[in-house]
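Protein chains in written order, with our numbering: chain W, 82 to 448; chain H, 82 to 448.
If you are wondering where the hints come from, they were derived from the structure by calculation, not from laboratory data.
In this text the structure is predicted, and so the values were computed from the model without any measurement.
Just to be clear, a hint being listed does not mean it is correct.
Identical copies look the same in the list; a pair holds intra-copy or inter-copy alike.
Unchecked claim - Cross-link-like lysine to aspartate or glutamate pairs, in silico, DMTMM-like; alpha carbons within 20 angstroms at most: (1) K301 x D137; (2) K84 x D120; (3) K343 x E292; (4) K196 x E134; (5) K388 x D289; (6) K301 x D289; (7) K425 x D149; (8) K241 x E353; (9) K196 x D297; (10) K388 x E326; (11) K238 x E142.
Protein chains: 2
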Amino acid sequence: MLKPGATIGILGGGQLGRMLALATARLGLQCHVFSSERDACSFQVAPRATLAEFSDRAALEKFARACDVITYEFENVPAEAAAFLAARKPVFPDPKVLETTQDRLIEKDFITKLKIATAPYAPVHSAAQLADAVETIGLPAVLKTRRLGYDGKGQAKIAKDGKLGGDAAAAWRALRQAPCILEGFVNFEREVSVVAARSRDGKIACFDVTENEHRDHILKLSRVPAAVSPALAQEARRIAQRIAEAFDYVGVLAVEMFVVRKGKGRTLLVNEIAPRVHNSGHWTIDGASVSQFEQHIRAVAGWPLAKPIRHGRVEMVNLIGAEVNGYARWLSVPGASIHLYGKKDARPGRKMGHVTRVFPAARQGAK
Amino acid sequence: MLKPGATIGILGGGQLGRMLALATARLGLQCHVFSSERDACSFQVAPRATLAEFSDRAALEKFARACDVITYEFENVPAEAAAFLAARKPVFPDPKVLETTQDRLIEKDFITKLKIATAPYAPVHSAAQLADAVETIGLPAVLKTRRLGYDGKGQAKIAKDGKLGGDAAAAWRALRQAPCILEGFVNFEREVSVVAARSRDGKIACFDVTENEHRDHILKLSRVPAAVSPALAQEARRIAQRIAEAFDYVGVLAVEMFVVRKGKGRTLLVNEIAPRVHNSGHWTIDGASVSQFEQHIRAVAGWPLAKPIRHGRVEMVNLIGAEVNGYARWLSVPGASIHLYGKKDARPGRKMGHVTRVFPAARQGAK
């Protein structure tokens with residue numbers, strides 16, 4: 082168990098690292114951000130920072146020496162860097178988790194072995210293999226690179242008639258260079274996620290199931306509680322719990338799922354695992370008694386988790402690209418909390434901030 | 082109105098500055114902390130910092146150039162330093178407020194002129210004058226230095242029999258060196274405070290009236306809502322509002338008041354004005370939709386205030402001195418949020434952290 086004043090190293094310097102750094106400060110812990118980006122928005126709030134590449138062994142060595150525990154804010158930390166650090170200081174979650182989640186095929190195999198449902202999928206390591214995969218899975222389907230995809234990058238939908246849509250050129254380019262998987266297209270009713278924390282001693286605390294809406298493959302809106310039955314919500318939390326346990330996970334992870342109709346009922350298919358704090362958990366900063374960021378820091382510090390208590394119905398809206406320029410109008414919306422990430426350049430598709438709105442339970446009836 | 086990315090200068094580097102810095106970061110603003118203490122706990126969370134004395138003109142000049150707006154986290158910023166800065170950059174609240182609140186006599190006169198009640202008081206500028214003051218005010222009474230008193234320092238109670246109690250030696254030492262006032266001892270039913278924010282365009286938002294318990298003259302516990310009638314709570318907020326307006330105040334201020342019995346009813350006496358965020362408002366971080374720290378930053382940035390919505394009944398406990406060593410037990414208390422200030426040395430009487438407990442409104446009935 083870390084003592085107050087101890088230092089938590091964070092690999093990656095984006096908004097997730099920034100919000101982790103702020104949670105660290107509340108708890109009287111220090112943080113040290115490691116990022117290769119000069120303008121990393123986490124640097125603005127971290128007392129210590131290293132600007133270096135993940136391949137820079139000397140920088141990693143020095144960073145490890147400065148930290149008591151190390152964690153990450155994004156899942157594409159190179160496996161070698163994570164292993165190098167893990168040989169020197171405790172790294173949570175264990176770098177072996179990254180090896181699973183960095184590869185869509187390994188991740189899907191891992192989930193399947195747990196007897197948790199996913200969309201049908203098949204590996205596509207060559208153009209020739211694609212026809213077989215289409216045969217097995219059927220159309221429509223989505224072709225995705227196995228590695229390094231996020232926010233819809235490196236994906237292409239194949240329509241019922243075999244035509245390619247979406248980021249087709251990129252997908253094919255990637256396919257020529259890197260292995261892919263084909264996933265059956267899921268005609269989902271809604272998307273939900275569970276953000277769960279697991280402590281070093283194996284205790285688990287889940288936040289309420291959150292419903293998510295994407296726009297152009299980027300999360301736009303989260304609502305909690307999700308409009309699902311109590312039984313389905315319970316099942317979603319159980320899935321997250323089983324995944325966390327199978328990983329012997331320490332920290333916060335998010336499991337994205339599709340809700341699909343099945344006969345008269347509904348069932349869940351796991352879409353993706355994010356081995357880190359997650360955009361769909363941002364509402365917890367203002368909407369719950371403990372945030373996902375604090376839960377993550379508690380877990381990696383070896384502290385007990387808090388029991389999350391939600392303050393009411395909550396909505397979270399991402400401010401993407403130029404939308405951030407409209408920040409001022411949110412300042413006067415009752416119950417709205419605005420978060421801006423300190424990024425200078427409002428490029429299209431870039432997450433610049435978010436707004437959380439809490440509708441207190443007592444007032445829900447009056448609305 | 083400051084744009085995101087602008088820099089707010091904070092004079093003083095204690096826990097109030099630290100929590101202001103964290104609020105600044107959430108809003109995508111930068112902060113620059115100015116403190117003369119090498120170990121200032123705000124430095125750990127501020128992207129920019131100046132370590133210098135308030136008498137260091139060159140450092141003040143450079144600090145002013147680096148900031149877009151300047152504010153303070155403690156009220157004893159020397160008037161000359163504040164005036165020097167105000168000649169260069171906007172300073173909120175106006176330094177003239179400090180001139181009033183830094184001197185108990187001027188402060189009491191200011192409140193009295195607003196026709197707001199205080200305990201009876203009289204200036205005591207010499208030992209000879211004390212007898213007259215005792216004659217006028219009666220005993221018991223409290224002798225206080227006019228300037229630089231806080232947390233009970235520089236105070237001495239004079240009992241009904243004329244005997245001195247409390248920090249008598251210090252009070253008399255101060256009295257020999259500096260002017261004092263004698264205040265009638267108030268036999269109060271409870272102590273309450275109002276934390277109010279006023280924006281640059283004169284709008285006011287008060288947090289709910291808070292009830293405070295002191296131990297050894299240091300705030301130990303705050304509870305909200307205070308156990309006072311709605312009419313008295315309304316009166317308390319009106320008093321805070323009138324004071325803020327009389328100052329043409331910008332930012333957050335706290336007004337401490339005594340609730341005293343008057344016939345069958347209750348009435349309020351103003352005890353003190355704190356021209357800054359205040360310990361009795363710490364509960365707002367976890368217990369309300371907007372914190373006092375964010376309200377202060379919004380106000381000094383020229384942004385609109387948020388409407389505070391409380392999440393339930395709230396209690397805040399200060400962790401003073403060695404009490405902080407018991408932080409671990411709070412980590413598992415349901416609904417409790419712990420804040421540690423990153424101070425190394427847990428000296429007696431030093432504020433090391435606080436804990437907020439929120440009891441959701443919906444569950445109050447079930448308790």
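Checked hints:
1. K301 x D137: neither (35 angstroms within a copy, 49 angstroms between copies)
2. K84 x D120: between (30 angstroms within a copy, 18 angstroms between copies)
3. K343 x E292: within (19 angstroms within a copy, 55 angstroms between copies)
4. K196 x E134: neither (38 angstroms within a copy, 65 angstroms between copies)
5. K388 x D289: within (11 angstroms within a copy, 26 angstroms between copies)
6. K301 x D289: Cα proximity of K301 and D289: one copy only (18 angstroms, versus 34 angstroms across).
7. K425 x D149: The answer is between: 17 angstroms across copies meets 20 angstroms, while 31 angstroms in one copy does not.
8. K241 x E353: Answer is neither; intra-copy 24 angstroms and inter-copy 74 angstroms both fail.
9. K196 x D297: Result: close neither inside a copy nor across copies, 31 angstroms intra and 61 angstroms inter.
10. K388 x E326: within (18 angstroms within a copy, 42 angstroms between copies)
11. K238 x E142: The answer is neither: 43 angstroms in one copy and 60 angstroms across copies each exceed 20 angstroms.
Hints 1, 4, 8, 9, 11, counting from the list given before, are not met by this structure.
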